[in-house]
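What follows is each chain in one-letter form.
There are 4 protein chains.
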Amino acid sequence: MRIGLLTGGGDCPGLNAAIRAVVKRGLGEYGHSIIGFRNGWKGVAEGDVMPLTRNDIRGVLDTGGTLLGTARFHPHSADGGLDAVRATLEAERIEALICIGGDGTLHAASKVAETGTKIVAIPKTIDNDVAGTDRSIGFDTAVHIATEAIDRIHTTAESHNRVMVVELMGRSAGWIAVQAGIAGGAEVVLTPEEPFDIDRITRYLKHRHRAHASFSIVVVAEGAVPAEGTSMEWETKYGTFGEIVSGAVSERVAEEIAARTGFDTRVTVLGHVQRGGTPLPSDRILGSRFGVAAVDALQQGHTGVMTALRGEEVVLVPLEEVAGRAKPVPAELIQVANALA
Amino acid sequence: MRIGLLTGGGDCPGLNAAIRAVVKRGLGEYGHSIIGFRNGWKGVAEGDVMPLTRNDIRGVLDTGGTLLGTARFHPHSADGGLDAVRATLEAERIEALICIGGDGTLHAASKVAETGTKIVAIPKTIDNDVAGTDRSIGFDTAVHIATEAIDRIHTTAESHNRVMVVELMGRSAGWIAVQAGIAGGAEVVLTPEEPFDIDRITRYLKHRHRAHASFSIVVVAEGAVPAEGTSMEWETKYGTFGEIVSGAVSERVAEEIAARTGFDTRVTVLGHVQRGGTPLPSDRILGSRFGVAAVDALQQGHTGVMTALRGEEVVLVPLEEVAGRAKPVPAELIQVANALA
Amino acid sequence: MRIGLLTGGGDCPGLNAAIRAVVKRGLGEYGHSIIGFRNGWKGVAEGDVMPLTRNDIRGVLDTGGTLLGTARFHPHSADGGLDAVRATLEAERIEALICIGGDGTLHAASKVAETGTKIVAIPKTIDNDVAGTDRSIGFDTAVHIATEAIDRIHTTAESHNRVMVVELMGRSAGWIAVQAGIAGGAEVVLTPEEPFDIDRITRYLKHRHRAHASFSIVVVAEGAVPAEGTSMEWETKYGTFGEIVSGAVSERVAEEIAARTGFDTRVTVLGHVQRGGTPLPSDRILGSRFGVAAVDALQQGHTGVMTALRGEEVVLVPLEEVAGRAKPVPAELIQVANALA
Amino acid sequence: MRIGLLTGGGDCPGLNAAIRAVVKRGLGEYGHSIIGFRNGWKGVAEGDVMPLTRNDIRGVLDTGGTLLGTARFHPHSADGGLDAVRATLEAERIEALICIGGDGTLHAASKVAETGTKIVAIPKTIDNDVAGTDRSIGFDTAVHIATEAIDRIHTTAESHNRVMVVELMGRSAGWIAVQAGIAGGAEVVLTPEEPFDIDRITRYLKHRHRAHASFSIVVVAEGAVPAEGTSMEWETKYGTFGEIVSGAVSERVAEEIAARTGFDTRVTVLGHVQRGGTPLPSDRILGSRFGVAAVDALQQGHTGVMTALRGEEVVLVPLEEVAGRAKPVPAELIQVANALA
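Protein chains in written order, with the numbering used here: chain V, 1 to 341; chain W, 1 to 341; chain R, 1 to 341; chain C, 1 to 341.
Derived by calculation from the structure, the hints in this document are not laboratory data. Errors might be hidden in some of the hints.
Said to hold, decoys possible - Partial chain C-side listing against chain R, Cβ under 10 Å, derived:
id	residue
1	R58
2	A180
3	R210
4	P279
5	R289
C-beta atoms are modelled at their ideal positions from N, C-alpha and C, and glycine is treated no differently.
I would like the entire structure built from these sequences, with the hints used as guidance.
Structure representation (structure tokens):
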């Protein structure tokens with residue numbers, strides 16, 4: 001079989017583990033040809049191919065990023081995009097496609113699958129908001145990096161008696177914020193799931209600093225918003241992607257806290273480091289398992305499905321049940337974050 | 001309520017997160033008294049108490065080990081052990097007990113629960129072999145440390161054209177070996193679950209070194225054994241605990257490989273570092289969630305249960321379904337390890 | 001002897017190692033009393049004391065920040081500041097003072113020494129710009145954190161074909177930028193020592209991207225400025241402290257690069273994480289050696305001196321030779337950074 | 001110029017940074033050809049060449065090991081070794097040689113230099129015992145890995161009330177043991193420089209455990225030996241290399257401690273992980289500086305010299321002043337280790 005392979009959307013740690021697994025399983029076990037496309041769907045549309053051999057995947061297991069490159073390009077949104085994809089797949093005699101990506105890539109995958117192409121998708125996103133799977137590739141490493149940053153900021157907060165506001169990724173879901181908030185022992189965690197009341201927060205911080213502590217950590221997901229009718233207005237309207245300005249909400253939150261409490265308040269916007277570097281073992285393992293499972297799924301005749309982690313098992317779920325749906329942070333996790341603040 | 005709290009068995013990262021969560025939830029939310037016992041069941045038998053306040057849990061979230069201390073002591077195996085436990089619980093007016101531990105501690109917990117004491121258990125073990133839960137506290141960090149060691153040994157293996165044998169923990173189950181083996185890209189992974197054939201392994205290594213590589217990593221769980229009837233005999237008989245000598249099997253395996261292949265072969269026994277140091281976020285989060293859940297379970301009147309992770313949820317499972325049962329590595333994971341070698 | 005001890009200026013990793021060493025050496029070897037002051041010179045002026053015992057320094061060797069707290073307060077700049085310091089030292093019967101700090105603290109130390117107080121100083125600053133010593137406490141760890149961030153950003157730059165601009169600390173000297181730039185393999189490093197020409201930089205980036213690479217890392221010290229007469233104007237005038245706005249120069253540099261090259265260009269401002277977290281061994285060792293040396297220096301009757309690292313030795317240098325002088329990055333290091341770009 | 005390049009002896013982190021710098025500086029700045037030899041002097045003797053291009057050094061800055069491979073082979077000790085080296089250098093028209101290595105490689109370099117070959121050497125050794133330079137490539141990373149291990153073992157020691165004996169590398173000098181011992185807060189540090197008295201050590205441990213602590217860390221360099229006339233005999237005689245058996249001394253020390261104190265005592269032999277993995281920034285920087293300096297030295301006509309770090313400067317020292325001389329740990333460092341125990 002000639003299997004096409006692409007990585008789309010933002011890069012993250014663990015992608016190379018998945019690429020390696022697809023090549024090792026597809027080429028090594030079944031003798032398939034694995035044809036990589038550069039830069040996600042863009043490379044498919046443009047016919048930018050990179051046939052993958054054992055040599056290409058040597059030494060990549062513990063590296064971040066994606067050796068195939070990636071881009072934020074959606075063929076179904078671009079003029080003639082789906083036709084260009086179709087043309088390349090025919091020209092390259094691709095019999096099936098493995099797509100590694102987040103919400104946008106999965107949505108494109110389901111559109112392309114509708115045109116008759118055999119497709120198996122693999123979920124990756126540091127935001128962990130892909131539905132149908134307990135975890136996506138890249139999330140655990142992002143939480144680790146964010147937690148490490150909070151640990152570091154903790155010692156400064158304590159030494160200087162400061163309120164430190166830390167902005168983490170998460171436009172539509174607060175997974176990183178909640179998990180890194182629990183792991184880093186944050187006093188306040190603001191997420192898109194639960195619009196916040198700045199008055200309640202500053203009252204809590206004042207109470208805490210009076211009672212027993214002289215510093216606090218406030219973790220803010222970049223998509224956090226104030227609740228309607230609370231005293232902090234927030235003029236900007238957000239869409240799902242792209243319009244959120246990095247640093248905007250945390251700067252505003254810090255100003256409000258400083259103004260209401262008088263505490264020395266500082267902001268850190270963690271930014272791009274959250275998606276880079278050496279993947280944690282769990283992301284290497286997840287990428288490896290999903291890569292093997294995707295090739296096996298094609299071998300067994302599956303199409304229009306996504307590999308997913310459910311408890312300790314890797315299963316297949318229909319793409320249509322998944323694409324376009326988000327996965328909010330469960331109430332229990334948010335409750336733990338609040339209970340331990 | 002007066003709640004007793006203990007940590008038993010080998011120490012691991014994430015215990016302090018659980019202790020902190022029990023104190024914050026129990027004392028902060030419900031106003032319970034949390035009475036710690038030093039050094040596991042030994043401290044209960046001896047009446048060695050340490051009432052826990054908010055001060056005791058300050059700054060412990062990101063620390064390894066257990067602030068309560070621990071010991072390998074099983075009251076039901078010691079003369080008069082259960083009576084001593086009973087006496088202390090009465091003297092201290094303990095109304096319920098939260099026990100954090102692995103197989104031995106859980107077994108003791110179920111024995112003590114039979115005497116009428118209210119008990120909720122929290123599973124911890126770097127070996128991840130407690131049944132009924134996807135993960136136990138400490139496992140993820142142990143896999144991380146083991147993988148980091150393999151990554152390091154990898155560069156030496158490659159620079160010197162060596163076979164490096166790495167012995168990891170795991171007496172009755174090969175969880176660390178399999179996960180760190182996949183994450184570290186090991187060529188061979190030997191586990192207690194699958195007795196090995198040294199001839200097959202050395203044939204594979206010779207083939208690999210002839211074909212394309214000049215080095216290999218062989219990961220060995222300390223409880224790995226050769227299959228009956230294969231050419232490597234293994235005189236020692238192992239019990240479940242304690243009789244396995246650290247380094248024994250890896251030294252033997254290395255000798256056999258060197259003798260049959262002529263390759264420069266070296267051994268590293270990773271040992272105690274696998275249970276120490278800063279917990280990964282996932283172990284801090286698991287400890288935090290289990291700690292909150294254990295207190296809530298007592299509050300709701302549960303007893304004789306263990307907190308457990310199932311997919312994305314924390315649930316309660318009856319202790320009797322869990323104690324004494326092991327949890328072997330699933331076939332799919334072992335298959336991934338083999339597929340990617 | 002009653003020895004006062006304070007940490008001043010920004011916090012950094014390795015301070016607790018120095019505090020621990022002062023207590024262990026002073027109290028344990030010579031039987032001195034060690035009287036800590038909270039929050040730097042502010043605590044001296046306000047008489048905010050914290051007598052230090054062996055218990056206070058237990059478990060702090062590998063922790064960031066300072067257990068004494070710190071503040072940016074200079075007694076010689078505050079009304080009646082020196083008198084208040086003097087009054088506290090008398091009231092507490094302090095016979096000598098050990099001051100751990102950067103340029104500001106050392107300057108204050110030399111002023112207080114002039115009033116007759118016995119003083120030994122210990123240099124700390126993540127910026128490494130204290131004269132007279134090869135290294136100050138905190139620098140190596142800051143370089144490590146900055147390098148790790150560049151490593152992470154590297155994989156994203158490569159996966160997305162981007163120019164990544166990374167702003168690191170360094171207002172008056174580019175030590176962190178140059179060392180992390182070399183260690184992280186940055187293509188361009190901008191420092192306060194060498195005003196930059198944005199045209200030359202963008203020509204180089206265009207050449208590089210045409211020739212063989214599709215991504216670049218540009219490291220910018222926060223005190224970097226464009227050279228006079230070059231095409232990028234820079235209205236703001238900087239003083240030595242405080243007026244530099246975090247992120248300002250890197251945002252401008254990124255805009256100019258994007259405008260002139262058309263490359264997708266992103267900014268990361270690393271910020272506070274550079275001063276936090278677990279100290280590297282070299283900072284724990286430097287803090288330990290300086291702490292022991294400072295107590296020994298007082299014991300031997302020295303005053304008005306600073307502990308310093310020179311090659312492999314710890315020596316004492318007169319405070320007056322050091323205070324107020326900066327230490328620029330040597331030309332050889334900058335040349336290596338450029339040679340390897 | 002055609003410059004030969006080799007890495008000899010044990011591998012360590014930072015070698016690839018030096019190789020990269022030699023190629024970038026030699027090829028990029030001066031247009032030289034850089035001819036790598038595989039596996040150290042063995043590759044020179046066997047004519048095993050690998051011409052190095054920019055492509056070969058892409059992405060290697062942050063990797064451990066050596067892309068050239070290495071071996072413990074000394075041409076002056078092998079029959080016809082120097083002649084074979086000479087023959088290869090002529091056949092490959094090598095005009096100068098850059099040798100990266102430790103004591104053995106430097107000794108070989110001085111022998112080969114005597115035959116008229118232009119040679120510049122670069123010191124590397126995790127043991128840091130090369131004379132003439134403050135630091136050798138690989139040492140800082142080894143100390144970091146060893147310290148991290150001690151940090152991890154610390155939490156286990158404390159949780160279980162144990163004496164943990166940790167064996168670190170260092171056959172003829174105790175650099176790693178002393179620095180990691182200080183950084184990790186070890187109670188006892190045994191080095192080759194100072195033969196130990198087991199009675200004094202066990203008395204100290206008993207005193208400590210009675211007084212205030214219930215655990216201890218004992219760091220042992222693998223070349224540590226008991227002092228003559230003390231109660232612990234040590235039959236084995238050691239040479240400078242090779243005859244020391246890994247784990248031997250630490251096992252004996254642990255047995256003696258357990259027998260005399262009754263404390264639960266465990267051994268960890270850290271082994272090969274000390275030389276592997278991602279180099280710390282300081283080793284990447286040192287490798288980069290030495291690589292640039294070595295090429296520049298050849299360009300300026302130097303031969304028979306070694307690059308060296310002295311304080312903040314890179315200088316050249318004559319090979320004859322260096323080869324065959326060891327560099328013991330200075331007394332001040334050992335004193336700090338003891339003072340803070």
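For the restraint on R289/C, tell me whether the closest CB of chain R is nearer than 10 Å.
It holds, given that the least Cβ distance between R289/C and chain R is near 5 Å, below 10 Å.
Does the closest beta carbon of chain R sit nearer than 10 Å to the beta carbon of P279/C?
This hint holds: P279/C lies near chain R, its Cβ roughly 8 Å from the closest one there, short of 10 Å.
For the hint on R210/C, just tell me whether its beta-carbon gets within less than 10 Å of chain R.
With Cβ-Cβ at 15 Å, over 10 Å, it is violated.
Hold the hint about R58/C up to the distance rule: shortest CB distance to chain R must be less than 10 Å.
holds (9 Å)
Does A180/C pass the interface check with chain R, least Cβ-Cβ distance below 10 Å?
holds (7 Å)
The structure fails to meet hint 3 from the earlier list, while all remaining hints are met.
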